[in-house]
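Engineer: Sequence:
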Amino acid sequence: MKPFLTRNGTFCSTMIAVGLFHVVSSRQRAQPDIFMNHMHEYLGRYNSSMPYYLGRANMFAGCAGVKKLGEGPEFAHGSAIVLSKEAMKRVQSHIDQCIVDYMDCFAGDLRTGLCMRDAQVAITRTNEHGWYKFAPNHEFPWPTDPCQPPVVLHHLLPIHIQRLYDIEMKSEGGGTIADVFDRFYRAPSARSEDVTRSGKVYATKQVDKEEDCVKECEANAVCLAWSFEGGECLLRRELGAGNKKKGCVSGAIGERYVCSSKQ
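For the sequence shown, the residue numbers in the working numbering are 1 to 263.
No lab work stands behind these hints: they were computed from the structure.
Check the hints yourself; a few may be wrong.
[As the list claims (entries may be wrong)] Pairs of lysine to aspartate or glutamate, EDC-like flavour, derived with a Cα cap of 16 Å:
no., residue 1, residue 2
1, Lys205, Glu229
2, Lys205, Glu216
3, Lys89, Asp104
4, Lys200, Glu238
5, Lys246, Glu232
6, Lys67, Asp104
7, Lys244, Asp145
8, Lys200, Asp182
9, Lys209, Glu232
10, Lys244, Asp194
11, Lys215, Asp182
12, Lys245, Glu139
13, Lys244, Glu193
14, Lys246, Glu139
15, Lys89, Glu128
16, Lys205, Glu218
17, Lys245, Glu255
18, Lys200, Asp145
19, Lys246, Glu218
20, Lys244, Glu255
21, Lys245, Glu193
22, Lys246, Glu216
23, Lys200, Glu210
24, Lys205, Glu232
25, Lys133, Asp212
26, Lys245, Asp194
27, Lys246, Asp182
28, Lys215, Glu232
29, Lys246, Glu193
30, Lys209, Glu229
[As the list claims (entries may be wrong)] What follows is a list of derived Cβ distance ranges for each label pair:
no., residue 1, residue 2, range
31, Gly230, Asp166, 35 to 41 Å
32, Phe134, Ser260, 56 to 62 Å
33, Gly230, Asp96, 58 to 64 Å
Cβ coordinates follow ideal geometry from the N, Cα and C atoms, glycine included.
Start from the sequences and build out the full structure, keeping to the hints where you can.
Structural biologist: Right, dumping it as structure tokens:
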């Protein structure tokens, strides 16, 4: 690892060379986990001689004169920030002034984004390509395709990183998002209290208790997830993202969320 914009941690603090690209991670208590095999494969579509600034796009307000969301430039959220060789060259001449101009901005990834703007390098969005801003928790937006390769996960605790390391060691090529689900939720269960899911509902049943809702889902081969609240059972073909909802219980039939190409 090498230092990058390192004045007392003012900007992002470390980077890892991946070919002619640089993967930057911010200095935070909960760190990102990068599936390096998948990152190599993902970056293969880009030419490092072009000025690429890749990451999950996010908006901000309350810094650098930006008062409303959408007024300022999009910046790469902290799950991972990747700069091409050309982008690194362009930003170098702006580093000293960036440190002075954006010292009071509240996050290192935001300050990096403002510096990239000053270098006239716009973000290339990676939001739909396995770059996640969450750990695989109850709010995680599980994709429709369980074979999707995860590239980056964010806000991880040490126990999470160990689980993901186990996946990478056991799975040829780095594993799939279904492997992540399996490691985190299939055992002992995928049940979550005070959570509903965003997946599209294909059927609604009136049942007396949670166990009956689970049975309704198990009885239908297309059912992947269920939610139970006040006698109403919602059945879904996809997991979607979890959302907090008091009194709602949700779960999934974990063995159905699998990558068919690995069966």
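Engineer: Hints first: check each against the structure and report whether it holds.
Structural biologist: Each hint, compared with the structure:
For a cut-off of 16 Å, the pair hint linking Lys205 to Glu229 stands: about 11 Å separates their Cα positions. Of the pairs offered as hints, the one joining Lys205 and Glu216 holds, with about 8 Å between alpha carbons and a cut-off of 16 Å not exceeded. At most 16 Å may separate the alpha-carbon atoms for a hinted pair to count; Lys89 and Asp104 exceed this at roughly 25 Å. This hinted pair checks out: Lys200 and Glu238 have alpha carbons roughly 7 Å apart, not beyond 16 Å.
A hinted pair counts as satisfied when its Cα atoms are at most 16 Å apart, and Lys246 with Glu232 qualifies at roughly 14 Å. The hinted pair formed by Lys67 and Asp104 meets the criterion: a straight-line CA distance of about 15 Å does not exceed 16 Å. For the hint linking Lys244 to Asp145, the alpha-carbon distance of about 23 Å lies beyond 16 Å, and the restraint is violated. For the proposed pair Lys200 and Asp182, the alpha carbon gap of about 22 Å is over 16 Å, so the pair is violated.
For the proposed pair Lys209 and Glu232, the alpha carbon gap of about 9 Å is at most 16 Å, so the pair holds. The hinted pair formed by Lys244 and Asp194 meets the criterion: a straight-line CA distance of about 6 Å does not exceed 16 Å. Taking the CA atoms of Lys215 and Asp182, the gap is about 21 Å. The hint is violated against a cut of 16 Å. Distance check on the hinted pair: Lys245 and Glu139 sit about 11 Å apart at the alpha-carbon level, within 16 Å; holds.
Between Lys244 and Glu193 the alpha-carbon distance is near 9 Å, which keeps this suggested pair within the 16 Å criterion. Proposed proximity of Lys246 and Glu139 is supported: the alpha carbons are some 14 Å apart, at most 16 Å. A hinted pair counts as satisfied when its Cα atoms are at most 16 Å apart, and Lys89 with Glu128 does not qualify at roughly 27 Å. As the CA atoms of Lys205 and Glu218 are separated by approximately 13 Å, the hinted pair is consistent with the 16 Å bound.
For the suggested pair Lys245 and Glu255, the alpha carbons sit about 25 Å apart, so the restraint of at most 16 Å is broken. Taken as a hint, the Lys200 and Asp145 pair is honoured in the structure, with Cα atoms around 15 Å apart against an allowance of 16 Å. Between Lys246 and Glu218, the direct Cα distance comes to roughly 24 Å. Violation of the 16 Å bound is thereby established for this hinted pair. Pair hint Lys244 plus Glu255 does not hold up; C-alpha atoms about 24 Å apart against a cutoff of 16 Å.
About 9 Å separates the Cα atoms of Lys245 and Glu193, which keeps this hinted pair within 16 Å; it holds. Taking the CA atoms of Lys246 and Glu216, the gap is near 22 Å; set against the 16 Å cutoff, the hint is violated. Distance hint between Lys200 and Glu210 is unfulfilled; the C-alpha atoms sit about 19 Å from each other, more than 16 Å. Proposed proximity of Lys205 and Glu232 is supported: the alpha carbons are some 6 Å apart, at most 16 Å.
Taking the CA atoms of Lys133 and Asp212, the gap is about 34 Å. The hint is violated against a cut of 16 Å. The straight-line distance between the Cα atoms of Lys245 and Asp194 is roughly 5 Å, inside the 16 Å bound, and the hint therefore holds. For the hint pairing Lys246 with Asp182, the CA-to-CA distance comes to about 26 Å; that exceeds 16 Å, so the pair is violated. Distance restraint check for Lys215 and Glu232: the Cα-Cα separation of roughly 13 Å lies within the 16 Å cut-off, and the hinted pair is therefore satisfied.
Between Lys246 and Glu193, the direct Cα distance comes to roughly 8 Å. Compliance with the 16 Å bound is thereby established for this hinted pair. Distance check on the hinted pair: Lys209 and Glu229 sit about 9 Å apart at the alpha-carbon level, within 16 Å; holds. Here the CB-CB span from Gly230 to Asp166 is close to 39 Å, well matched to the stated 35 to 41 Å. Range check, Phe134 to Ser260: Cβ separation about 25 Å, and the 56 to 62 Å hint is violated.
About 60 Å separates the C-beta atoms of Gly230 and Asp96, a value consistent with the hinted range of 58 to 64 Å.
Going through the hint list in order, the structure does not satisfy hints 3, 7, 8, 11, 15, 17, 19, 20, 22, 23, 25, 27 and 32.
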